[in-house]
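Asks: Read off the chains here:
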Amino acid sequence: MLALILMFFYIPVFLAFFWSFFLERPFGGGSEFVGLQNFRRVLSDQEFWRAMWRTLLFMVLAPGTAIGVSLVLALAADRGIRLSHPARNIIIWPKAIAGASIGLVFVFIFNPHLGLFAPLNDLFPGLWNPRIDGTDAYLMLLVAQVWNGIPFNFIILLSGLQSIPDSLAKAAAMDGAGPWRRIIDIQIPLLTPQLFLTFVLEFVGSVVEAFGLIDTMTEGGPGGATTLLVYKIYVDGFKAYDLSGAATQTALLMTAVAIMVALQFRLEKRVKYER
Amino acid sequence: MTSTRLAPAAAIALAATAIPAPAADIEFWYGNTGRIETAIQAACTAFNESQSEHQVACVGQGGYEAGMQKAIAAFRSRQHPVLIQFFDAGTLDLMLSDAVVPVQEAMPDVDWGDYINGARSYYETSTGDLFSQPYNGSTLVFYVRTDELAKIGATEIPQTWEAMIETARLLKDAGHDCPFVSDAHPWRVLEQFSARHGVAIASNSNGYGGLDAEYTFNGGLVAEHLNNLAAWREEGLVLLDQDTAAGKYNRAFNAGECAMMEASTGSYAAAYTAHGENVAIAMAPMYEGVERRNTLIGGGSIWIMKGHDDEDVDAARAFLNFLRREDTQIEFTRATGYMPVTKSALTQLENSGEMGDLVFATVELGVSSLNQPGNADSKGIRLGFYVQFRDIFKEETQKAFNGDQTMQAALDNAKRRGDELLRRFEQTYQGATLP
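Top line first, the protein sequences correspond to chains A and B.
Using this note's numbering, the first residue of the first sequence is number 104, and each one after it goes up by one.
Using this note's numbering, the first residue of the second sequence is number 3, and each one after it goes up by one.
Rather than coming from a laboratory, the hints here were simulated on the basis of the structure.
Mixed in with the good hints, there may be bad ones.
Computed list of lysine-lysine pairs in DSSO-like fashion (alpha-carbon distance at most 27 Å, straight line) [as the list claims (entries may be wrong)]: (1) 153(B) with 174(B); (2) 250(B) with 308(B); (3) 342(A) with 153(B); (4) 153(B) with 308(B); (5) 375(A) with 273(A); (6) 342(A) with 174(B).
The structure presented is a predicted model; accordingly, all values stated were derived computationally and were not measured.
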């Protein structure tokens, strides 16, 4: 087990950092130590910062929306409203679909000429076209990512809600607390461990999993509007044979994610696991 | 008991010794898919059946770029194949990689002069030696639908951009929504355009003169053309991928959305299937008053990779010789719509009397487009990290087409970012000389 982790995790991480200090030829046979030159180049590259900014925005919007929507759904399902049992089942299905397949389906749904918004385009020409408009494309990506994230979050949050003892809600109700009051003062505070878990997972997922969606839906376009950092690294490293640049950006991305996860775990100190 | 158990094993052992083992089992990696992959596999089978000495296993990689990625990984771990097909844009990266043996060095006895000029110049060294064997050759041509043109009374295929845009205006006035379609891919609007107009996109004759080249396309005819394209698109005369319902220029043409397009000779088969006799092709349009030069060869060529023993290289030679044979080339052309790349194959095709067949419709035009008189700037593209540059060019011009910046700003940005790539390439291959 340790050997596997070493082989598939620590060695690649180490190599990424190692290569970021060299100019590496794609086919090997001559790598030159250049010190911090790669970092200077990447950090002074506007495209890198744009991709970084898009990634950060995505890291906030996607988990935020995915968890928000799941929370609403989970609260509704927990209250046992009509049809909540079949809904619990159906909502889980999208989790079984791979990112690339979701991408293909959403490309069709959001097709400006044939898709869901086509009638809208007939009324207001040019209103929706993710192939031309960068903001539309970014939104499309966001919707697909959120849609993919909801099922898992829903399960986690629902199981969290259901493990909250009934007696608490009953006691609160006897004291005159309405459903909203009970959500805010009892359910959400007691749900923080699950909220924290989903947040960390969604957060890392939004950096990594978006790749399959971008590759099938937009290929980073139009005009680079959906080029998140993971996709840029892939393009630079594999399509453009810029191994040093890709390694440098990987090192920077890993550092950024590590810092944020560390911050999240500082936040975790405030999460109460005891009930 | 033991004897019955041993009998089958003995039989297998006997059978194994009875068949003469092939001298070498080698692999050939290629990137094409679909109909072309079928044709490549057919050529492999034909080779393996034609002799018993060598066996070639042809392995599809699912795309040119994927093939290159896998080759890089395989070479680094010493698992690479003997033969591999690469696409045009990766030429310089491979020439300097020290991972390949020039075909002309590996096979000095072959008459390499038999390859048509347009196919040679892209893949040859500064001293005129071929580095790789041209295989699937295509080039850019102009497609029109004669039935659509007839509706506005046009009988001639436009030869110039001026005539093309006039025709496009007439079509638009007659209510046509998509007169001309392109995807503004740099292969079409930059490389093929500059080559046939005899202008360079970078100094040092597009890099043939040395690694210290700089991009120059942000001024002159190329810049003018891209500004025109942007203006024509505003006017509704030129549509790009994203403006069509089909979402892709060739699908839009084949679906009947568009009346004219600039596309590879390789698109002919599908266009003919869609529109039959109503599809006509001509050489790509020129600006008035500019002398027509050759277009560049697209598609791929086959490279011999380093680090294999003599037996394997012998098998590779035999396979390359087989692919070069006239009849093999003609069969491949028939199945794929690519062009024959040697003069003798062309002559044999002409003599066979089949040239008039529709399956060979693009051959005469394509080859004559490749064989127009060239100059120093129409030889090809020899610029480092060129695949990455294509992405930059697409990204910047796309922003201009979407109205986020002017076309001139897009070209200036693409030049600046492209030059950074060239400098880094120069530094990465410090000490290496251009072959």
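Asks: CA of residue 342(A) to CA of residue 153(B), is that 27 Å or under?
Replies: The given pair, whose Cα atoms are some 44 Å apart, is violated under the 27 Å limit.
Asks: Verify the proposed pairing of residue 375(A) with residue 273(A), using a straight-line Cα cut of 27 Å.
Replies: holds, 22 Å
Asks: Given the proposed pairing of residue 250(B) with residue 308(B), does the C-alpha separation stay at or below 27 Å?
Replies: The given pair, whose Cα atoms are some 39 Å apart, is violated under the 27 Å limit.
Asks: Starting from residue 153(B), check that the Cα of residue 174(B) is at most 27 Å away, please.
Replies: holds, 12 Å
Asks: Taking only the CA atoms, is the gap from residue 153(B) to residue 308(B) under or equal to 27 Å?
Replies: Status violated; Cα separation ~58 Å.
Asks: Under the criterion that the straight-line Cα-Cα distance not exceed 27 Å, is the pair residue 342(A), residue 174(B) satisfied?
Replies: Distance ~39 Å between residue 342(A) and residue 174(B) Cα, so the pair is violated.
Hint violations for this structure: numbers 2, 3, 4 and 6, all remaining hints satisfied.
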